[in-house]
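These protein sequences, in sequence, are chains Z and L.
The working numbering puts the first residue of the first sequence at 1, with every later residue one more than the last.
The working numbering puts the first residue of the second sequence at 1, with every later residue one more than the last.
Hints listed in this document are in silico derivations from the structure and should not be mistaken for laboratory results.
Errors might be hidden in some of the hints.
[What the hints assert, rightly or not] Calculated lysine-lysine pairs in the DSBU-like style (CA-CA distance at most 30 Å, straight line):
no. : chain 1 : residue 1 : chain 2 : residue 2
1   : L       : K245      : Z       : K34
2   : L       : K245      : Z       : K22
3   : L       : K56       : L       : K7
[Stated by the list, open to error] Cβ pair distances, simulated, as ranges:
no. : chain 1 : residue 1 : chain 2 : residue 2 : range
4   : Z       : Q62       : L       : I10       : 56 to 66 Å
5   : L       : I10       : Z       : S28       : 52 to 62 Å
6   : Z       : E29       : L       : N78       : 46 to 56 Å
7   : L       : G203      : Z       : Q62       : 38 to 48 Å
8   : Z       : E19       : L       : N134      : 30 to 40 Å
9   : L       : D20       : Z       : S28       : 25 to 35 Å
10  : L       : P204      : Z       : Q8        : 23 to 33 Å
11  : L       : D189      : Z       : E19       : 22 to 32 Å
12  : L       : D20       : Z       : S53       : 33 to 43 Å
13  : L       : L71       : Z       : K22       : 13 to 23 Å
14  : L       : T3        : Z       : E48       : 23 to 33 Å
All C-beta atoms, glycine included, are put in the ideal place defined by N, C-alpha and C.
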Amino acid sequence: MDANHPSQSIQVVFNGAAETLKGTVTISELLILKQLPINAIAIVVNDEVLPRSRWNHVICHQYDRINVFSAVAGG
Amino acid sequence: MNTLSAKQYIQYSRTMLLNDIGEAGQLAIINSQVAIIGLGGLGQLVVQYLAAAGVKQFILLDHDVVALDNLPRQLLYNEADIGQYKVTAAKRTLRRLYSDIYFDAIPEMLTETSISELSDELSKDVLIFDCTDNFASRHVINQHCVTQGLTLISAAISAYHGQLFCIDFGAKITHEKQHGCYRCLYPLDIETNQTCSQQGVLGPAVGVMASMQALIGLQHICNTFTQYGMLLRFDALTLEWHQAKMNRDQQCTLCQQPQLQEYAHGC
Ligand SMILES: [Zn+2]
């Protein structure tokens, strides 16, 4: 079962800090919640890069470790 | 070159003492060809480490000139080099130290056109180091490496945030190895204003990323590298490293190699 009951909450670790999410939240929804610019970041879920085309489809699960970081290009 | 000279045995003895490198590894280093694209903070250190390690054939590409505010982190250059092309200054200084090294110093801007004109030189068996400072160049280099099946060692840093990875686009791709490419990590519309010039950076933090690039390069050449497709992130403030497995974006239109399509049909 992928979706959580709307009233259920789950615990995730977002950028190293514990976070409670209510109901079923996709990665895209989490980014909106956090007001993060989708064109300037990459996302790692449980130590794997999650490509952008998957963000709408992947749901946050209990105890997921989610890291969002800025793209950097300097050298 | 098939054998080392007596002087080289002494010169590279500490490298060869590593059991998995030995004389064969040192000969591989000496016979390797590398291209360093971008001779700023990253590239200027990568070239020094590789030249010192025994690499004899370099392609250096950068259209930028040395500026005073480069000097705190670009230790290959000095005040007398200001205003000169970085590739020219790098070649001149390194030729003084290593007379037997061949440098092809190209003071040109990297574009899709310029890289395709260089495709004879930037071809198989040339290890590519992406040391540039902008997304446009990084995408051009990635595209070239994917289509030509080259190995790419890419590093970047802005402020306290460094990122690094190595992908061998010539390797046979298996289900576990679908690392994708730079475009899978950062699609073409990626944007940020975080370049060194706008964000600021500490010299040694750039040096950490460049040293890692050189380390990975030598390991790749010596066949001791195993972490292909692993994104390494360095926080230069907390000194923490983070690793993440890179994954192909199924919607990436660039890295659809034949092997991948075969794999997709096979399922
Ligand atoms: Zn790709």
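Each hint, compared with the structure:
1. L:K245 - Z:K34: holds (24 Å)
2. L:K245 - Z:K22: holds (28 Å)
3. L:K56 - L:K7: holds (16 Å)
4. Z:Q62 - L:I10: 56 to 66 Å: holds (59 Å)
5. L:I10 - Z:S28: 52 to 62 Å: holds (59 Å)
6. Z:E29 - L:N78: 46 to 56 Å: Given about 53 Å between the Cβ atoms, the range holds.
7. L:G203 - Z:Q62: 38 to 48 Å: holds (43 Å)
8. Z:E19 - L:N134: 30 to 40 Å: holds (34 Å)
9. L:D20 - Z:S28: 25 to 35 Å: The hinted range 25 to 35 Å is violated for D20 (chain L) and S28 (chain Z), with Cβ atoms some 44 Å apart.
10. L:P204 - Z:Q8: 23 to 33 Å: violated (47 Å)
11. L:D189 - Z:E19: 22 to 32 Å: holds (28 Å)
12. L:D20 - Z:S53: 33 to 43 Å: The hint (33 to 43 Å, Cβ to Cβ) holds, given that D20 (chain L) and S53 (chain Z) are roughly 39 Å apart.
13. L:L71 - Z:K22: 13 to 23 Å: Violated: the Cβ-Cβ distance is about 53 Å, outside 13 to 23 Å.
14. L:T3 - Z:E48: 23 to 33 Å: Between T3 (chain L) and E48 (chain Z), where Cβ atoms are some 45 Å apart, the hint is violated.
Hint compliance for this structure: hints 9, 10, 13 and 14 are not met, and every other hint is.
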